[in-house]
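Using the sequences plus the hints, can you model the full thing?
Protein chains: 4
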Amino acid sequence: MAIGHVRYSTAGSSMLKNVQPFVAGYRFGSVGVAHNGNLVNYRTLRAMLEDNGSIFNTSSDTEVVLHLIAISKARPFFLRIVDACEKLEGAYSMVFVTEDKLVAVRDPYGFRPLVMGRRTNGAVVFASETCALDLIEATYEREVNPGEVLVVDKKDGVQSLCLLPHPEPKQCIFEHIYFALPNSVVFGRSVYESRHVFGEILATEAPVDCDVVIAVPDSGVVAALGYAAKAGVPFQQGLIRSHYVGRTFIEPSQKIRDFGVKLKLSPVRGVLDGKRVVVVDDSIVRGTTSSKIVRLIKEAGAKEVHMRIASPPIIGSCYYGVDTPSAEELISNRMSVEEIREFIGCDSLAFLPFDSLQKMLASDSQKFCYACFSGKYPVMPKEVKVKKVGDFLDDGLNGPMDSIDGGWVRGPKNIDVEKEIDPLYQQSKI
Amino acid sequence: MAIGHVRYSTAGSSMLKNVQPFVAGYRFGSVGVAHNGNLVNYRTLRAMLEDNGSIFNTSSDTEVVLHLIAISKARPFFLRIVDACEKLEGAYSMVFVTEDKLVAVRDPYGFRPLVMGRRTNGAVVFASETCALDLIEATYEREVNPGEVLVVDKKDGVQSLCLLPHPEPKQCIFEHIYFALPNSVVFGRSVYESRHVFGEILATEAPVDCDVVIAVPDSGVVAALGYAAKAGVPFQQGLIRSHYVGRTFIEPSQKIRDFGVKLKLSPVRGVLDGKRVVVVDDSIVRGTTSSKIVRLIKEAGAKEVHMRIASPPIIGSCYYGVDTPSAEELISNRMSVEEIREFIGCDSLAFLPFDSLQKMLASDSQKFCYACFSGKYPVMPKEVKVKKVGDFLDDGLNGPMDSIDGGWVRGPKNIDVEKEIDPLYQQSKI
Amino acid sequence: MAIGHVRYSTAGSSMLKNVQPFVAGYRFGSVGVAHNGNLVNYRTLRAMLEDNGSIFNTSSDTEVVLHLIAISKARPFFLRIVDACEKLEGAYSMVFVTEDKLVAVRDPYGFRPLVMGRRTNGAVVFASETCALDLIEATYEREVNPGEVLVVDKKDGVQSLCLLPHPEPKQCIFEHIYFALPNSVVFGRSVYESRHVFGEILATEAPVDCDVVIAVPDSGVVAALGYAAKAGVPFQQGLIRSHYVGRTFIEPSQKIRDFGVKLKLSPVRGVLDGKRVVVVDDSIVRGTTSSKIVRLIKEAGAKEVHMRIASPPIIGSCYYGVDTPSAEELISNRMSVEEIREFIGCDSLAFLPFDSLQKMLASDSQKFCYACFSGKYPVMPKEVKVKKVGDFLDDGLNGPMDSIDGGWVRGPKNIDVEKEIDPLYQQSKI
Amino acid sequence: MAIGHVRYSTAGSSMLKNVQPFVAGYRFGSVGVAHNGNLVNYRTLRAMLEDNGSIFNTSSDTEVVLHLIAISKARPFFLRIVDACEKLEGAYSMVFVTEDKLVAVRDPYGFRPLVMGRRTNGAVVFASETCALDLIEATYEREVNPGEVLVVDKKDGVQSLCLLPHPEPKQCIFEHIYFALPNSVVFGRSVYESRHVFGEILATEAPVDCDVVIAVPDSGVVAALGYAAKAGVPFQQGLIRSHYVGRTFIEPSQKIRDFGVKLKLSPVRGVLDGKRVVVVDDSIVRGTTSSKIVRLIKEAGAKEVHMRIASPPIIGSCYYGVDTPSAEELISNRMSVEEIREFIGCDSLAFLPFDSLQKMLASDSQKFCYACFSGKYPVMPKEVKVKKVGDFLDDGLNGPMDSIDGGWVRGPKNIDVEKEIDPLYQQSKI
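Protein chains in written order, with the UniProt record's numbering: chain A, 1 to 430; chain B, 1 to 430; chain C, 1 to 430; chain D, 1 to 430.
Where hints are given, some of them may not hold.
Identical copies look the same in the list; a pair holds intra-copy or inter-copy alike.
To be verified - List time: in silico SDA-like cross-link candidates among lysine to any residue, alpha-carbon distance up to 20 angstroms: (1) K230 / V212; (2) K292 / I136; (3) K17 / G32; (4) K230 / G270; (5) K73 / G53; (6) K17 / Q159; (7) K292 / E137; (8) K17 / S30; (9) K87 / L161; (10) K87 / G53; (11) K298 / L135; (12) K230 / D83; (13) K298 / I136; (14) K292 / L135; (15) K73 / R46; (16) K292 / M335; (17) K17 / T58; (18) K298 / Y140.
Calculated from the structure, these hints are not laboratory results.
Below you can see the structure in the form of structure tokens.
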């Protein structure tokens, strides 16, 4: 039995303590936990626990679970986990490992994904994305349902328990737009297909005369292929993504970070020179990266640059585990599409229409959370979203991770993130 | 003034001494050197130098240059470098840094590339590929000519000297097939265009009915786009390359390496299931990787798999800096195309015809070295090519680097290579 | 403001967490603590705290104090420290540092020393021994009294509070026998003088014809000088202590440890050959080291070896911070003096008579704890003394620290001690 | 077969390359070498070798031997070692290890010691001092003679060859005064006895009324015992040497180094207060440490401080492996004894009379080098002694090693010494 966790690594030993999985030793044994998502009542719970005498070792919201387990009076031991989770609000897909049990929990809204697979030897595996199952030759069995607790042990196999179920799940639409690897099946849908269709919709609803379709790699590639196929225009590798990038971000200075962006994306002049270019990206957050990409393409000789975004405009900050900046910093919250186009400097700009997205999802549409597009939050965040040192994950080129990759990272917002090694590191969280 | 070198990193501190640049301290000052290529008379030179009393610190062929400088009687100091280089045979693009000069040297055949650029502040820059110039905003000026020595200092700027010029250059064709980044201009030609044309030729000369064209990423992508465009069949991301891979190879055991290959390439079932698939790769070395890729695609549901290789069959080992296995290990040296097809398990297989390649290069064709395709060596290797511990860089899945990336790495064969971090690390050598 | 702690270092990062000072973050700020001594009700307190939901991070008894502070309802903050200490039983000299205060506490029996000094700039300093004050040019002011709490801050200077005072202190006699550096003043007495007198008493009460007096360095030197002076026999350096020793103990194997003992003490043949030798040591614990020392001296040619021990026989294990083995392992608990002499192989053996020791201490005699000599414990240990992995600190040559240095180390018994670097490291604890 | 070397460790990885043993790989195998002593013709040899094309990796004089071996035409291989050594001038006790032989060489003057021992299993061992043999239970057999080469291998056992023998050896007197451990036999004499006699001579020739005799530990202890015995005055531990010291010197700043000196020697007030004190040290170099020691003793209450030095005044710098400062910096070269006494601040000062030293050595007297006392050099140093960064090993408290330990360290002067871990580390060189 083992659990693991992939997140943005933090620099310096002082922050090492924030690295999951977290482990706590109790009188009756040890428990480890890994958490994907973000709790909205963390501060309230922590204050209550500290009043009772609990001592916190980290600044991560995940630690409250370990203390809630410690004060729980439930028996047997694994029921303490259930007891603890019932007090949590917000987004949490969690796996626990005890001395003899593996426990997987998904919050009642099912904000973040969590799937169960099985290896040929019978071993049960939980993961955020199905692509992790493929790698270890486990067969995808089913999703952990929203509000479900699965307890696995040698004696009884897999048992299902219920937390507080909710009538309507609210699954994160951003998994399909940016987070998940394209070869994953998330919330029962192929991510590759979703993105290809996003591109096709853009080609249909925002057509433009052009010579070549290119992508902002890697997250824009599948939508760009969809656009090119629908538009009947050749797709080319107009921007090459360097594999050196992550390392650059270890360097702290602005100058080196600017160089990092250059390293990250190199234009191919032969593809772009003298052409009318459609460039497809997954989303726009602050808008600064997009503007630099447009400049890069124009400097390589492009005659026209038309930007197509495979998601609706983002107007609201996320409280459920996507590390968006505050609403004021979101460019779509401040500007009209035409103003954004002007800011970015492209010749035309179009977003995926929100209603087309919902129409495409059809009967599943109600099961998704669109808070970042609509501002309507399924679970109201009771605590103020505080801007912290670590919250520099955005689409600006001045942050350690920029929206060339969409600018979104998974993971608890409460963590002090100081750098990140590789953008794909956080693609598969548990 | 500074020089650097990108190579496969070696494991263990004992091998750290083989990491370039090498530096030697002389009575009159220190000299550093970085070397791309491979000397064919290294053993002879080393024996001669050791007889004279030189003590070698590394097992790299590059070190002989430092000793040749030490025993040279030429004056002033930088002429010792010229004196030393005149004794070398084989492939060498080298940069030296002395107390006050930067010296760039390219062997008379010009096997390996070497370009000169200039920054807006006047700084002179040398690099293997033009993409390195782009990154630091230096403008490409020209190639260092075969047999040319360029000496740069503050006082006299750039001066050109001549080694022994050769009537006909023999530039490595493999730079266009595999090594160089597609956004580079190498030997005066766009690498992106070369590869796109390779794909187009394959579509014309080895057409097949199919539903989708995919690439073995990253080195097969541009040729696959060329194939798809010419064939009028959609290109899709059927194999996704993971960014975790390099690290896996640090692990020594076979079991973990097998897992590494799985991590490296993930099939996208939605793209492949039930389809007739053309998969384009840059080359085949031992053939073992290709066979695993075909299996991977078939397991994802492909009805047919047609492999197209964007280079002619490789029948000869390279002595000029490409780390090919010995001739006996090359599958094209032992089998016919039909036998290889059977071994690999694909439904059809075609290579880029050698004469089509030469025809495409037109008047430049004579300026290239095709020894690996023809077995005709421009400079005869006088020393036996010894199989060493480090020579495990091949296309087999059982080596630390496999031909998913083409199986070729740059760099002096004499180096004890124990692992490599990332295949792209050696793309830009100096 | 700062606190520090000197203890036996532990091997491996896993045990790093047991290294003091410990720090805890509370809602109202952080507190650090360093502890000299050993609690006898640690297990009871820990069980109570864990029932309440506290999560322990270490296996050290010191951590209970941090949790007792967390659950205390006392205000202001520093009164929580007093509140917590009132629940402790056993030996504790502790220093705490909060955001704005330094707090020093000594248990009601005053088992372990704790002194206060002042630098010329007015800075207040606490330490276990006065020699630490000398080093930083602080002037010794007074002892922290048994049961006293001293609170130091910028606003109010030094304030004295009371815990539960006890009519009669029970100060550890072993500080004078082994622990303290000879240049310290401990419990108001010069350690050098105490040891010199111990040697003089031995010369008076257990005289023997001899040619030379030598010491087991370093802890037996002062008593040996006292013996030699009283006996009128020359003192010589018959055993030389190597400074390499500590490091040797990092090596785990028995073979290397044996070599370590040889390295530690080297005989001087010129001093010992053909002589009747008196060798003075501070104490005997298990007896194995003493027997090896006698053999070492005889192999260097000594005609007779007379061992004189500057403490009474140890028959009881310590529960207050001296890491003695269990009673069954103490040689004086199992054998008569004559049996010990035979086991050790010396020609005569004498211990410091218990009543002479008490007589010498005169009116102060009642203020000392003699539990290890008498078996009478001032505070009854309620919990079983469990033999743990770390408890290998003894006088055997097969342990990482042997009684060449007296075999005693300070510090909480509950700590998993895996090695120790240098015997003097634990001489000055806080 | 193995060789090792103990020297002052150097800080920083850049200087790691200067750490012995040095190893060189030749065509016919590898050779390792460790060297005690200092060559006086190093610069001449290095210039000659560099002219021939040798590339030096270190700034140590020892490296010339490896290059001389490389250019030697002698056969078989071990005769190259003899050939190389014949070109050396100055002090060298060296051990070499080849693929199948151990070779020990001592220069014709025998400046530095080198002894041979044998273990019970027949293994032959070479070492600087006999105490190293004791530690590994090897029996001392004999000295390696001045000018002798001993070759040990499995087939032929031990063979003796001759370099250029010299009629009169010139063994370093400083081995008996400071370097060697007291339990060693060096140049056939017991070091302990030499030092005890030095102290007795001082008591006879420079008597003074006093209450107590103390030593500057550790190197002054035996002479102090000799003084006390002869004078009939009690010896006491008036200064205690801390074991923390070495580590302090890792810290670079002056402030921390001053604290280091304080840590190193702690006065025992009870021994010194109100007393007339004789303090015995082994030597005086620059005089600054002595002055601080006198101040330390007076501040602890001493009424009078009489300093007795167990060596004659040092007036000349050493060229044979003792790292003395230049003649101008030697206090005895600039001042009379009375001036030194005044500078140091003691009430009386006496050195060991040079003629008494010679008389005591009797018939062996001619076999010693006294250049540092007389200025008469057996081998004239042809090269200027250059003051280098590393040459801060002196008796001042402002250097990383001060003469509390005599201020002398063994080892090649050419090495860049940046710190030293523990004064005893260099006591046994090979």
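Tell me the numbers of any earlier hints that the structure contravenes, in ascending order.
6, 12
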